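Enquirer: Let chain A serve as the given structure and place chain B on it in line with the hints.
As given, the protein sequences belong to chains A and B, one line each in that order.
According to this note's numbering, the stretch in the first sequence is residues 215 to 328, in order.
According to this note's numbering, the stretch in the second sequence is residues 6 to 121, in order.
Derived by calculation from the structure, the hints in this document are not laboratory data.
Watch out, some of these pointers could steer you wrong.
Cut-off 30 Å, straight-line C-alpha distance, at most; resulting in silico cross-link-like pairs (DSS-like, lysine-lysine) [to be verified]:
id : chain 1 : residue 1 : chain 2 : residue 2
1  : B       : Lys71     : A       : Lys270
2  : A       : Lys320    : B       : Lys71
3  : B       : Lys69     : A       : Lys320
4  : B       : Lys60     : B       : Lys25
5  : A       : Lys285    : A       : Lys270
6  : B       : Lys19     : B       : Lys60
7  : B       : Lys19     : A       : Lys256
8  : B       : Lys71     : B       : Lys19
9  : A       : Lys256    : B       : Lys71
10 : A       : Lys320    : B       : Lys60
11 : B       : Lys60     : B       : Lys71
12 : B       : Lys25     : B       : Lys69
13 : A       : Lys256    : A       : Lys270
14 : A       : Lys256    : A       : Lys320
15 : B       : Lys46     : B       : Lys19
16 : B       : Lys46     : A       : Lys282
17 : A       : Lys270    : A       : Lys282
18 : B       : Lys46     : A       : Lys285
19 : A       : Lys320    : B       : Lys46
20 : B       : Lys25     : A       : Lys256
21 : B       : Lys19     : A       : Lys270
22 : A       : Lys270    : B       : Lys60
Every value quoted in this text rests on a predicted model; they were computed, and no experiment measured them.
One letter stands for each residue in the lines below.
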Amino acid sequence: GESVGLHLPTLSVQEGDNSIINCAYSNSASDYFIWYKQESGKGPQFIIDIRSNMDKRQGQRVTVLLNKTVKHLSLQIAATQPGDSAVYFCAENITPSGNTPLVFGKGTRLSVIA
Amino acid sequence: GAVVSQHPSRVICKSGTSVKIECRSLDFQATTMFWYRQFPKQSLMLMATSNEGSKATYEQGVEKDKFLINHASLTLSTLTVTSAHPEDSSFYICSARLAGARNEQFFGPGTRLTVL
Numbered sequence: 215g216e217s218v219g220l221h222l223p224t225l226s227v228q229e230g231d232n233s234i235i236n237c238a239y240s241n242s243a244s245d246y247f248i249w250y251k252q253e254s255g256k257g258p259q260f261i262i263d264i265r266s267n268m269d270k271r272q273g274q275r276v277t278v279l280l281n282k283t284v285k286h287l288s289l290q291i292a293a294t295q296p297g298d299s300a301v302y303f304c305a306e307n308i309t310p311s312g313n314t315p316l317v318f319g320k321g322t323r324l325s326v327i328a
Numbered sequence: 006g007a008v009v010s011q012h013p014s015r016v017i018c019k020s021g022t023s024v025k026i027e028c029r030s031l032d033f034q035a036t037t038m039f040w041y042r043q044f045p046k047q048s049l050m051l052m053a054t055s056n057e058g059s060k061a062t063y064e065q066g067v068e069k070d071k072f073l074i075n076h077a078s079l080t081l082s083t084l085t086v087t088s089a090h091p092e093d094s095s096f097y098i099c100s101a102r103l104a105g106a107r108n109e110q111f112f113g114p115g116t117r118l119t120v121l
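Bound-form chain A, shown alone (with noise of 0.2 Å):
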């Protein structure tokens, strides 16, 4: 089940479910979005990211999908293994080129129960 924390909002999963971890975005300007994931005392590592012209991509294992209407993100992950335990961001970009920094959402920590 999914719970919030003090800081940040809690996914428990059973090692081979789906998860599906979920953002909302404030800026209606942003059009790039990008999915990171985060173990802990290590920096953020590219998932997955999608442009606001699309509303759904796939990787290996993972789905981004972007409801530009009502500002939301959501990251899939299929047959969730243990190794998939860790924090997890959205962060957004007004323009996938140019200079503007990222802005990160609080987190999701995903625990996968084996």
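Expert: Relative to the frame of chain A, chain B by itself:
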């Protein structure tokens, strides 16, 4: 490819001293690097944007005289925390932007700073 390193990975210093953190893009040139700070169980907060050959752009609330940024080459940016205080203890992460259509950012492994 597109590897970003940080040095040191962990540093402990006394209050009042200065600490320099290096961020290097190992296999690509980065005209823009970013510095983030992350407190426990929180998200990454952008501190400043570092542009090669020019002054850094600081986010609101970040003291430019306390957090000195130098981006002297296309592969190196440094962050110096001056007169460090215990409240500066945090995880500092840099990223380097890979120029191109996607303009993806690659992150370093982070530096854990502990000020006693």
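Enquirer: Would you pick out the hints that fail for this structure and give their numbers low to high?
Expert: 1, 21 and 22
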